[in-house]
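Q: The residues making up each chain are set out below.
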Amino acid sequence: MRVNFTVNGRAQQADNVWEGESLLYVLRERLGLPGSKNACEQGECGSCTVTLDGVAVCACLVAAGQVEGREVGTVEGLADGDRLSDVQQAFLDAGAVQCGFCTPGLLVQATDLLDKQAEPSDVEIREALAGNLCRCTGYEKIMDAVRLAARRKSGHA
Amino acid sequence: MDFLRPTSWREALEIRAARPEATVLAGGTDVLVEVNFGHRRPEALLDLTNVTEHQGWSEADGTVRIGAGLPYARLIDELGDRLPGLAMAARTVGSPQIRNRGTLGGNLGSASPAGDGHPALLASDALVEVASVRGTRLLPITEFFTGVKRSALAADELIAAVHLAPASGPQQFAKVGTRNAMVIAVCTFAIALHPEQRRVGTGVGSAAPTPFRATAAEDFLTAELIGTGQWERPRALPELAANRFGELVAAAARPIDDVRGTADYRRHALGVLARRTVHRVWDDHRTRRRQCA
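Respectively, the protein sequence lines represent chains S and Z. Take the first sequence: its letter number 20 is residue 20 in full-length UniProt numbering, and every next letter is one higher. Take the second sequence: its letter number 227 is residue 227 in full-length UniProt numbering, and every next letter is one higher.
Since the hints were made in silico from the structure, they are not lab data. Keep in mind it's a predicted model, so treat the numbers as computed, not measured. Keep in mind that the hints are not guaranteed to be accurate.
A few chain Z positions that, by computed beta-carbon distances, are all more than 10 Å from chain S [claimed, not checked]:
(1) Val35
(2) Thr49
(3) Gln55
(4) Gln97
(5) Asn100
(6) Arg101
(7) Ala155
(8) Phe220
(9) Ala251
(10) Val259
Here are some, though not all, of the chain S residues that point toward chain Z, as calculated from beta-carbon distances under 7 Å [what the hints assert, rightly or not]:
(11) Leu31
(12) Glu41
(13) Gly43
(14) Glu44
Note that beta-carbon positions come from the ideal geometry of N, C-alpha and C, so glycine has one too.
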């Protein structure tokens with residue numbers, strides 16, 4: 001089947017999509033957008049987190065046909081050209097990136113959190129990121145990065 | 001594989017009648033896992049996400065009607081005040097990403113004995129509204145689950161909504177798992193006080209082939225509270241009564257040994273959860289009464 005949808009503001013069309021295919025597969029293998037990572041394929045790790053009509057979801061659990069006519073936002077859409085988003089810059093500055101595999105999902109999920117809640121408490125950050133696994137176990141630096149991004153965003157840093 | 005995309009509830013029912021072999025797809029948090037891993041190769045997927053009629057909720061005549069397609073995240077945000085027990089349970093589902101997508105209707109459709117939403121529905125005597133081109137029927141939640149991942153849903157039916165009364169007293173939900181997020185329950189327990197009926201409701205998950213009500217425990221506590229005049233003059237719940245309640249909940253379970261826990265552990269844990277949550281709801285009830293007085 002053919003799927004028409006918008007990715008990071010650009011109209012996209014994917015052809016010969018198998019009906020059981022996930023949005024993640026379409027993004028990575030058909031549209032050449034490998035930022036969303038493929039790891040668990042069961043919604044456990046959060047590495048494929050994208051936004052679907054503005055809501056954070058695991059791309060591996062969305063059927064390709066379910067995005068017809070809808071808007072998807074991926075990690076590739078966070079930066080403005082070479083200019084990183086506040087959250088991306090905070091991850092770099094805080095040293096929150098180790099192997100980097102979980103980073104795209106965390107960036108999308110953390111961006112979603114800060115869009116909804118400008119000054120989240122630590123408990124709120126932990127809960128928001130509970131579905132994103134980091135196998136390097138770099139969680140403390142990730143917490144630092146989200147706190148830093150929040151401070152910068154609200155003008156306290 | 002066919003990808004069927006109705007855009008209205010009526011059309012969805014017609015397709016369901018014509019293609020009973022199709023796998024119903026809502027949030028995809030169960031179905032896509034099975035498809036991704038090749039455990040399931042449906043002949044057709046019937047996607048309900050373009051059907052908006054069943055994605056909201058409404059309240060009328062003392063009943064909340066939750067559309068089957070309402071995601072958990074919205075249930076928590078919008079119904080947490082009316083349905084605290086169900087909202088507590090919904091907060092333990094997966095992760096934010098999963099709760100943004102997963103639905104109560106999908107939870108019922110999967111009919112897993114470990115479904116997080118089920119115990120709270122049992123504790124509050126929910127009704128499941130199921131529909132087909134033949135018409136609509138309301139099933140008591142106790143009649144909905146018929147076996148492991150089996151329900152009373154006919155091949156041409158779709159789950160339309162869940163009906164339940166807004167909480168009239170304190171409610172609690174407790175779940176045992178290895179961490180707070182992303183766990184399939186080892187066991188779960190829900191309790192609801194129904195002060196206007198002077199009754200206690202319970203629901204138990206992941207401890208038998210289907211979720212169930214611990215009716216002997218309900219009957220014991222209901223009789224105990226009435227018999228000791230607790231509703232007229234609420235006092236602390238005696239430890240003996242809380243212990244007996246826990247024992248009866250544990251005794252009602254028919255758990256199995258599996259990778260998540262042993263049957264013995266589940267029985268023990270259920271007793272603890274029941275004891276703990278009955279104190280929470282009763283203390284909550286007593287405190288609120290005192291504040292009102």
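Q: Run every hint past the structure and note whether it holds.
A: Hints, one by one, checked against the model:
1. With a cut of 10 Å on Cβ distances, Z:Val35 falls inside the contact zone with chain S, its closest approach being about 5 Å.
2. Z:Thr49, annotated as away from the interface, has a beta carbon of chain S within 10 Å; the closest lies near 5 Å.
3. The Cβ of Z:Gln55 sits about 12 Å from the closest Cβ of chain S, beyond the 10 Å cut-off, so the non-interface label holds.
4. Listed as a non-interface residue, Z:Gln97 fails to keep its Cβ farther than 10 Å from every Cβ of chain S; the least gap is roughly 5 Å.
5. At roughly 5 Å from the closest C-beta of chain S, the C-beta of Z:Asn100 falls inside 10 Å, breaking its exclusion from the interface.
6. The Cβ of Z:Arg101 sits about 5 Å from the closest Cβ of chain S, inside the 10 Å cut-off, so the non-interface label is violated.
7. With a closest Cβ-Cβ approach of about 21 Å to chain S, Z:Ala155 is found to remain outside the 10 Å limit, as its non-interface label requires.
8. Chain S leaves Z:Phe220 outside its interface by the beta-carbon criterion, the shortest separation being 36 Å against a cut-off of 10 Å.
9. Consistency note on Z:Ala251: stated as away from chain S, and its beta-carbon is indeed over 10 Å from all of that chain's, at 34 Å minimum.
10. Against chain S, the non-interface label of Z:Val259 holds: every CB pair exceeds 10 Å, the least being about 15 Å.
11. With a cut of 7 Å, the hint placing S:Leu31 at the interface with chain Z is violated, because the nearest CB-to-CB distance is about 18 Å.
12. With its C-beta approaching chain Z no nearer than about 4 Å, S:Glu41 sits inside the 7 Å limit, and its interface hint holds.
13. For S:Gly43, the shortest C-beta to C-beta distance to chain Z is roughly 6 Å, which falls under 7 Å, so the interface hint holds.
14. A distance limit of 7 Å between C-beta atoms decides the matter here; for S:Glu44 the minimum to chain Z is near 6 Å, and the interface restraint holds.
Violation of the numbered hints given earlier is confined to hints 1, 2, 4, 5, 6 and 11; the remaining hints are satisfied by the structure.
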